[in-house]
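Peer 1: Okay, here's what each chain looks like letter by letter:
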Amino acid sequence: MPPERPLPPLGRRLAPVTASWADGAYRVLEVSDEEGPEPLPGQFYMVTEAPDWEGSSGRPYLPRAISFAAAEVRGDGVSLEFLLDEVGPGTRALSALTEGSQVWLTGPLGSPFSDPGEVTEGALGAVIVGGGIGIAPLAALRRSLVQKGIASRTLLGFREPAAAGGVDRLFGCEEVRVAYESGDDSPARVTDLLARVLAGDSVGATAVYSCGPPGMLEAVRQMCAGADVGVELALESPMACGYGACFGCAVPKPDGGFLRLCIDGPVVRGDAITTACAGEAP
Amino acid sequence: MSDTPSLRTEFCGLELGSPILNGSGTFDAIAARRVFGDEAVRVGSFPFGGYVSKTITEEARVGNPPFRTWETPAGMINSIGLPNLGLEGFLEAQLPELRELPVPLIVSVMASDRDGFARIIGRLSAAGGIDAFELNVSCPNVHSGLIVGERPEETAGLLDRLRPLTERPLIVKLTPNVASPELIASAAEAGGADAVSLVNTLKATAIDPDSDRPWLGAGSGGLSGPAIRPIALQQVRAVAAEVSIPVVGMGGVTDGQSAYDFIRAGATVVAVGTENFRDPLAGLGVMRGLEEVLREKGVEDLGAIRGNTLS
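Quick mapping for you: the protein sequence lines, in order, are chains A and B.
Under numbering that gives the first Met the number 0, the first residue of the first sequence is numbered 0, with each subsequent residue one higher.
Under numbering that gives the first Met the number 0, the first residue of the second sequence is numbered 0, with each subsequent residue one higher.
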């Protein structure tokens with residue numbers, strides 16, 4: 000059974016921004032959630048600039064679905080860290096927030112990662128495969144595995160070394176290998192690192208967890224299927240609501256039809272979908 | 000004058016504690032309960048005075064391929080494609096839970112011809128526990144090829160077929176994609192409709208800046224949100240001036256003032272749609288905001304202001 004989801008408060012709530020800083024190619028937004036429960040790794044929040052989006056062009060209009068990278072219970076609530084990549088008006092507006100600003104939060108939402116034994120029968124350890132901004136939910140997962148005493152190896156891929164800032168802080172230095180597409184060293188892709196691990200002896204007792212660009216996720220999904228290793232993927236999709244209302248975040252299922260990624264995911268088993276590239280141009 | 004204006008509203012014989020409904024397909028009460036727990040469907044925290052289901056079709060539908068949404072300035076385009084469990088799936092898996100909601104239940108239905116509508120209405124009426132039906136007529140009649148809700152004679156013909164089948168209120172959901180929605184509304188009224196609701200979404204599309212192709216999997220969709228509010232307000236005003244049956248006004252309602260505007264324009268009740276995506280409790284926020292506006296203006300009940308901008 001997947002872990003029981005913590006119950007989020009009904010409705011959105013205001014939360015103060017307690018810090019924000021640049022971390023490699025990304026920006027970290029630290030928020031203090033004084034009303035919500037402690038989230039589980041893989042879960043996400045719908046996040047909006049408060050008191051409301053103020054984009055002069057009318058965008059951003061909808062909240063943005065963002066997985067948390069770290070959560071720590073402090074005296075006055077849960078301190079949440081979100082990693083931001085400025086890809087559009089929403090993430091730009093959130094990246095501009097500083098200490099003293101506020102955000103609207105709804106969540107924690109969605110399905111968390113399962114324990115390794117739930118992903119691959121008999122698995123006692125984990126391999127974490129992340130790419131780019133997709134490292135965020137995996138950082139939370141890695142910390143939770145360490146706390147549970149579950150062994151894990153972490154394989155991360157970035158376009159260039161400058162994008163990997165914050166990796167040491169988020170993941171710790173142990174058992175983390177990083178690949179750069181722009182680097183001179185081989186291998187250049189995180190999936191090359193995964194291929195070596197999957198070719199190793201202990202692969203049968205391993206669960207794979209992955210988050211990153213759709214192409215990378217689909218490669219990981221297929222590699223794991225080929226190696227008969229269970230994998231959980233944290234997927235991304237445009238989401239208007241995050242709680243099952245809009246039916247916008249459709250991901251194709253093998254038996255026809257679609258998952259609603261916000262409530263059936265965002266963490267899904269590799270065999271629960273037909274592709275991690277849904278909606279991508281062929 | 001009482002401190003709290005009364006928002007109790009009689010609508011098609013239904014007693015609503017709040018004049019705020021949800022737009023069909025913008026709030027899934029079952030999913031909301033799954034996500035937020037029982038509080039989401041409890042008296043006092045359920046955000047609407049009446050609940051409108053997502054549209055039910057005879058056969059199950061999986062919906063459109065992704066992507067299904069696109070954010071616009073002050074709104075969004077959706078092309079969801081009416082995914083639903085189909086009539087039997089709805090009866091078995093959803094209706095029992097929806098009957099438990101603390102407010103009247105309005106079920107939205109669609110079919111590709113009059114007989115299909117008739118079969119759905121007949122079956123749902125027999126099942127019981129449904130307080131009203133909303134007819135989604137933004138679909139082609141397979142026999143004529145015409146969008147039912149774009150033609151007065153198609154709309155009237157559908158009502159002629161359905162009116163004898165149920166004593167429950169029939170609400171016709173009007174499309175804004177016509178030159179004169181009041182003509183469709185009049186045809187619905189003449190056919191025996193108990194109310195009309197408007198507006199549905201406006202036809203719209205978006206181009207993916209990276210691929211230069213349509214972003215939405217289905218190519219096009221419908222625009223909603225505050226971006227369409229002035230258009231919706233005008234259409235509600237035009238329709239309310241033309242018909243004597245109640246009007247459900249919607250289109251970019253985000254707060255008390257915008258709900259108030261729709262009532263001034265002639266709406267009996269107001270539906271919140273896209274704003275639910277930004278806040279699961281938007282319906283409650285709009286209701287409280289409406290109370291506040293009425294209090295500020297010294298209005299004791301909605302009947303005193305309804306349709307005051309018609310002349």
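Since the hints were made in silico from the structure, they are not lab data.
Think of the CB as a built atom: it goes at the ideal place given N, C-alpha and C, for glycine as much as any other residue.
One or more hints might be untrue.
The following label-pair restraints were derived from C-beta to C-beta distances [what the hints assert, rightly or not]:
(1) A:Asp75 <-> B:Thr3: 29 to 35 Å
(2) A:Arg158 <-> B:Asp37: 45 to 51 Å
(3) A:Ala95 <-> B:Asp37: 47 to 53 Å
(4) A:Arg168 <-> B:Asp209: 29 to 35 Å
(5) B:Asp209 <-> A:Pro160: 58 to 64 Å
Peer 1: Hint by hint, note whether the structure agrees.
Peer 2: Comparing the hints with the structure gives:
1. A:Asp75 <-> B:Thr3: 29 to 35 Å: About 34 Å separates the Cβ atoms of Asp75 of chain A and Thr3 of chain B, which means 29 to 35 Å holds.
2. A:Arg158 <-> B:Asp37: 45 to 51 Å: Holds, since Arg158 of chain A and Asp37 of chain B (Cβ atoms, about 46 Å apart) stay within the stated range.
3. A:Ala95 <-> B:Asp37: 47 to 53 Å: Because 38 Å falls outside the window, the suggested range is violated.
4. A:Arg168 <-> B:Asp209: 29 to 35 Å: At 32 Å between Cβs, range holds.
5. B:Asp209 <-> A:Pro160: 58 to 64 Å: 26 Å, violated
Violated hints, in rising order: 3, 5; the structure is consistent with all others.
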